[in-house]
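Asker: The sequence shown maps to residues 1 to 164 in the working numbering.
Calculated from the structure, these hints are not laboratory results. Incorrect hints may appear among the rest.
Derived DSBU-like pairs (lysine-lysine); straight-line CA-CA distance at most 35 Å [unchecked claim]:
| hint | residue 1 | residue 2 |
| --- | --- | --- |
| 1 | 148 | 162 |
| 2 | 148 | 55 |
| 3 | 162 | 138 |
| 4 | 93 | 38 |
It should be emphasised that the depicted structure is a prediction, and the values quoted were computed from it without experimental measurement.
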Amino acid sequence: MKNNKLFIMLLLVSEMAFTYCKPEEQGGKDTPLPMLIKNDSAEHVHEYTVIVSAKNWRRVNCSERFVDIPIEEITGSVLDEGLVMIYLTEGNKYIALPFNYYQVRRILSFQPSFEPGHAYISIYGNFITNVSARYEFKLLIVSKEILKNERNRNWNDFNALKKK
């Protein structure tokens, strides 16, 4: 019986040793901003490509990182009456956030949030292995005027939006 307890204790201690989250050097206040490319924009619609590399993520804790994207077109009125969407780019497909990505041994969850002048993308998951070297996102900012005229449009489907 004592050997079983000792074995279980040894398993618990070894599990803690292998999953312990070690502090990282990168991800502080001096984290570089992601690459931001302004795409086609009209008077009431703005589209950006956001390229986030591993060095752009700020570390919150062992399982959460985020990236800050300063965008002046995200105003209080856009947040109150317009629309801001972020899409994860996978090849030629666009997936509206929030999105959960399941892999064999881990789950990554991408979550957007916004405030005037900023968009944020948070990534949650197991970071024992490094975050992917590069993620590409599309950022769409739509004013209230466009939303009034196009109430039935599916804003989650970026592929369909590109065709119009």
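Asker: Would you mind marking each hint as holding or not holding in the structure?
Answerer: Cross-check of the supplied hints:
1. Restraint check for residue 148 and residue 162: satisfied, since their Cα atoms lie roughly 19 Å apart, inside the 35 Å limit.
2. For the proposed pair residue 148 and residue 55, the alpha carbon gap of about 39 Å is over 35 Å, so the pair is violated.
3. Between residue 162 and residue 138 the CA atoms are separated by roughly 11 Å; this keeps the pair inside 35 Å, and the hint holds.
4. Between residue 93 and residue 38 the alpha-carbon distance is near 19 Å, which keeps this suggested pair within the 35 Å criterion.
Going through the hint list in order, the structure does not satisfy hint 2, though it satisfies all others.
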